[in-house]
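Engineer: Please build the complete structure, drawing on both the sequences and the hints.
Quick note, the sequences are listed as chains C and V, same order. Per this note's numbering, the first sequence runs over residues 856 to 1016. Per this note's numbering, the second sequence runs over residues 856 to 1016.
Errors might be hidden in some of the hints.
[Claimed, not checked] Calculated cross-link-like contacts (lysine to any residue; reagent style SDA-like; alpha-carbon spacing at most 25 Å):
1. Lys894/V with Glu990/C
2. Lys922/V with Ala895/C
3. Lys894/V with Ser940/V
4. Lys894/C with Ala897/V
5. Lys892/C with Ala930/V
6. Lys922/V with Gly881/V
7. Lys922/V with Ala975/C
8. Lys922/V with His1001/C
No lab work stands behind these hints: they were computed from the structure.
One-letter residues, chain by chain:
Protein chains: 2
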Amino acid sequence: MMEIRAAGPDDFDLIWPMLRDVFRAGDTYAVDPRISKAKAHAYWMTQARATYVAETDAGVVGTYYIKTNQPGGGAHICNCGYIVSPVARGQGIAAMLCAHSQDEARRLGYQAMQFNFVLASNDGAVRLWHRLGFETVGTIPDAFAHPQQGLVDAYVMYRRL
Amino acid sequence: MMEIRAAGPDDFDLIWPMLRDVFRAGDTYAVDPRISKAKAHAYWMTQARATYVAETDAGVVGTYYIKTNQPGGGAHICNCGYIVSPVARGQGIAAMLCAHSQDEARRLGYQAMQFNFVLASNDGAVRLWHRLGFETVGTIPDAFAHPQQGLVDAYVMYRRL
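Structural biologist: See below:
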C-alpha cells in the first residue's frame, strides 16, 4: 500500500537523497546540478505552497510540490514538480502523484496546472502527462543542454483543473 | 539624446516609481500589484544578472533587466523585462531597450532570449517583439486575470541571439 501525505519539516532528510540524485544527474530538471541541500530545501519546500511524500512499507519513494506558477494576475495557475525514487520506478507512482496533485490543486483553488519545462528527451514523462490530461501548449527550441544528448527542446504543458 | 547605461544601487529610487505604476496597474506583468519597494528591488535588481536605465535630459525614462531564465541545463537562455515611463511612451524607447538588451545578452554569452509571459492583450508589445525578431513559441490559455478584460492568454516568445 502507498500513502501520499503532506510533508513535514522532518521529511526533508528523506526527500533530499531523491532530489540530490535527480538534480546531480542534470538530465531532467532545470536546476544547478551542484545545488546544495539548503537551496534544494528552499526550492522544494520553502518556496512551495505545499509539499507531499509518497510512502510505502519500504519508506518514502516519491515526492512532489505545488507552487503558484505566476504571482498577481497569473496566480490561478499552479506548477508542480515530481520525483520518484529510482528503486520505485515502473510502479505507476508518478501517475499516482500527479493524480493526487490535481486533486490537491483543485482543493487549493487553482484553475489550471502548468509545467514550464518538460524536456522533449524525457519521453516517459511527456507520454505520462499527455495521458493525465495535459496538452503541449509551447515548445522552446534548444532549451536545455542535456549531458548526453546536447541541446534538446522543452515543452510547456498545461491542463485545466 | 538617450543613453542606456548599467544601473547602480542608487538608481533604484528612480526606477521604483516606474515599476510601481506598472505593477500597481496589474495589467501587463505577472507581479503582485501590491508588491513592496523592497520586493520590487529584489525582483528587478538583486535577482537580475544586470539592470539598465535609459536616461535623457528629462531624467530616467526606462529600465530593463537581464536574468538567466532557467538554471542548470537551461542557463544559456536569458529573460528580460522592460518598462518605459508613461511620459516617454511612443518614442521608440522600448525598441531601443530591447535592441540594447540583445547586444548585452550576447556579450554576456547567452544564446537565446525568452519572454515567459507576454499578455495577448498587450498588442503593442506583441507586435514590437515580433518586429525585433521574436517568434511566439507557446500560448498559455487564460493565463492572466486582466483587471479590465478578464482572463487573457499569455505567449511564450523566443529568439536566438
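Engineer: Against each hint, give a clear statement of whether it holds in the structure.
Structural biologist: Hint check results:
1. Lys894/V with Glu990/C: Roughly 34 Å between the alpha carbons, so the hint for Lys894/V and Glu990/C is violated.
2. Lys922/V with Ala895/C: holds, 20 Å
3. Lys894/V with Ser940/V: holds, 20 Å
4. Lys894/C with Ala897/V: holds, 17 Å
5. Lys892/C with Ala930/V: Measuring from Cα to Cα gives roughly 20 Å; hence the hint holds.
6. Lys922/V with Gly881/V: holds, 22 Å
7. Lys922/V with Ala975/C: At roughly 24 Å apart (the allowed maximum being 25 Å), Ala975/C and Lys922/V satisfy the hint.
8. Lys922/V with His1001/C: Holds, at about 21 Å.
Hint compliance for this structure: hint 1 alone is broken.
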